[in-house]
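**Q** If you read the sequences in order, they're chains Y and A. So in the numbering used here, spot 135 of the first sequence is number 162, and the numbers just go up one at a time. So in the numbering used here, spot 147 of the second sequence is number 284, and the numbers just go up one at a time.
Just so you know, these hints were derived from the structure itself, not from any lab. Hints are supplied without guarantee of correctness; some may be wrong.
[What the hints assert, rightly or not] Calculated pairs, DMTMM-like style, for lysine to aspartate or glutamate (alpha carbon to alpha carbon, straight line, at most 25 angstroms):
#	chain 1	residue 1	chain 2	residue 2
1	A	K202	Y	D304
2	A	K271	Y	D246
3	Y	K163	A	D251
[As the list claims (entries may be wrong)] Covered stretches of chain A (chain Y as the covering partner; in silico rule of three or more C-beta atoms under 8 angstroms from a C-beta of chain Y):
#	segment
4	258-272
5	314-326
6	359-373
7	410-416
Please read these numbers as outputs of a predicted model, since none were measured by experiment. Ideal placement from N, C-alpha and C gives every residue a C-beta, glycine not left out.
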Amino acid sequence: MKRVVITGMGAVTPLARGVAENWKKLCEGRSGVGRITLFNAESFPTKIAGEVKNFKCEPPLGRNSAFALAAGEEAFSDAGLANAKINSARLGVYLGAGDGGFNFGEHAAILLASLNKDGIGVDGKAYFEKSVRQTKPEAVIEQEPSQVVHHLSRRFHAEGVISNCLTACAASSQAIGEAAWVIRQGLADVMITGGAHSMIHPMGLAGFNLLTALSTRNDQPEKASRPFDKNRDGFVLSEGSAGLILEELEHARKRGAKIYAELAGYGTTADAFRLTDPHPEGRGAVQAMRLALEDAGLAPDAIEYINAHGTSTQLNDQIETLAVKKVFSNAKQIPMSSIKSMVGHMIAAAGAFELIASVLTIRDGVIPPTINYETPDDNCDLDYVPNVARRQKVEAVLSNSFGFGGQNVSLIVRKYV
Amino acid sequence: MKRSRVVITGLGAMTALGEGWEPLWRACVEGRSGIAAMKTASLGWTPLAGLVPDFNPEKFVTQRKALKLMARDIQLAIAGASLAFQDAGMPAFSFNHDRFGVAIGSGVLNHELDELASSVESSIGPDGALDLKKFGEDGLSALFPLWLLKYLPNMPACHISILWDLEGPNNTITTGASSSLAAVGEAVRVIQRGAADIMLAGGAESKVNPLGLSQYKLLGALTDPDGVYRPFDGAAKGFVVGEGAAFLVLEEREHALKRGARIYAEITGFGSSSGSDEGRKIAMRHALEDAGIDKNKLHYLQASGLGIAEEDALETAAIQAVLDGAGRNVLVSASKPVTGFTGFSSGAMDLVISTAALKNQIVPPVLNFEKAHKPFEFQIAKGLAQARPMKVAMTNAFGFQSPSVSMITSVEGVS
């Protein structure tokens, strides 16, 4: 079976644009969370989010696509592919990109103008006619999550395996795992992978607020995302993109590419339990971690750092802790941090950015912290690398991503030797 | 790398033709369409559509509470999955739940306008327009609290995993028009690499609603209100919207043989590429390569055949370029006029049809096809269904800038 290495990375997040600046801020323990400025959220239960700042995005291009193009560009040139001779039929794109470009204001205006005369319900024909007159076709097609891979495949002349998966908050990790398999199975030499998403729009915020999944610590935005802390009250919605270049080892060596790390293991399962709650025993999460270890051919004690899903919701952090303890008998000795404490939850794009952080942990021997960790929780009793980054040599990292509906993905990266 | 062989052991469909793949197949062979003028009161007008007749989701989901959580697309998905499972002989056989997974083609699921309208209505500001401040205060409480879950693209796969306790790999592929055929391909890869014994794969969509109709109209995809859906015809002007679900049970060959399952066909090749002109060709070439067969082995192709002139022209060019002379022996069909264009489910729908065609050694006709602008370099399935001895089929899913997907199925030495 072919081996897969990471040869390029790019990121656009609420913390910064570019991997270097992002990594610096993660190691400094900085937060990218603030008051929402993209629309008026002053009367929503949650008024804070992690927004990508100073980023020009021209409609109809969705923010998801714009972020992905920027992160993809950085990853592609970081990998030295911009001037490399590559076979476009063996260059693929597999993303975990979310939907984008939903114009709530416009949609609401058309709805209001199409109400039945008695004010109850919508006149379908009137809606159809108004919508056809007022909506731009480009805006319709940009909503589909498939548009992000469309833009990237065009930009980088990628005509190999092209796909996009959208498995909620596990999407970009799942995309990376699947992209790795495309290379392992010999179907591509190079895969552009990762994720992109922005749900910071009125319906996204409303949807998560109604599920009471979000933090409402509006007066202290930077303190709101506090994974594993006893007083956590939900996750912080954020947006962005993270892109990685996966490459078949021999292909990378032949062209003298810089190799960051090896993508060594991937495990994926379904909880098959509930739509929002994880399985109380962490059934699917446990199995995903075990499958990833088996896939990497590593014993649990080879893992030296766990990059947690750690969303800052009561249930996730508790069950993830429980699941990790089931898989790792030495769990208390393994540092496990959540960078969502700083960057918030980029939903579909979260896992890919967390994998980038995992790779840089191996490269630099620095573990990014879980910030805002103040009060220990009896149910969360592991070493969460509280508040300050830690210098520690690490050769193998496990990164978890879980999603609504019981989606579980674990990835393992290890030092390339 | 040695890979496991993957066979199809169950088919399920919900379409305008009714419940199950058999009525769909019969209609395909007889050249009947399920498209009719809609009589849905909520729409206020009666466009042509391929609506599932008398769809009763309660037959498939017994918990009423759970039904409330599901967009119509999800309800259709569960119905389609149930039918595929039944067809595969479930629950009569036992299986390892850890090694049974799901891959579903999905995308943005359309919300019910009335559901959002009441919320928007309670958020009107002094100027008569939507006031976000009021939306945050009053609009939110007028929304269904589990709104988000009702429409998340991965929910069809999640509900199905919960209903049948399927704990294996679970993926939701969102590649637009090719979503469900791409999902089948992904499921094939999962079994090939040994990560599962059985996968349910397919997709569902219902955009037979004012929002969906307006979106397709905006994309220039809808035929005239009184138009006829006629793929590859010189007068093709667009499609008629349909809704439906199409699912296949895919199984590792040894696993299927051991339990004595009925095997319809083997999936031997899968190719995907971009939505560009070149991408269509590469997807087909990669599918042939993946199957390890020469194009001369191909005798039947189930085309995407969207019925949009530009799309059909691109697919025609791609088929001719890839088959390059060998096309003279290939009979090309397209079946979307039977069900209407069923979006995310359409690729798997065509695979269900081509699988039935292989099994029965009959190629169904392209409904309403009369004459092309210029002669094809392949045979087109015109007129009546044709009996034809054939071993290998290709099925395409292209269109709307979506990634291109092509699949090879075979009945040679499968059981």
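**Q** Find the hints from earlier in the document that the structure breaks and name them by number, from lowest to highest.
**A** Going through the list in order, the structure violates hint 6 alone and respects the others.
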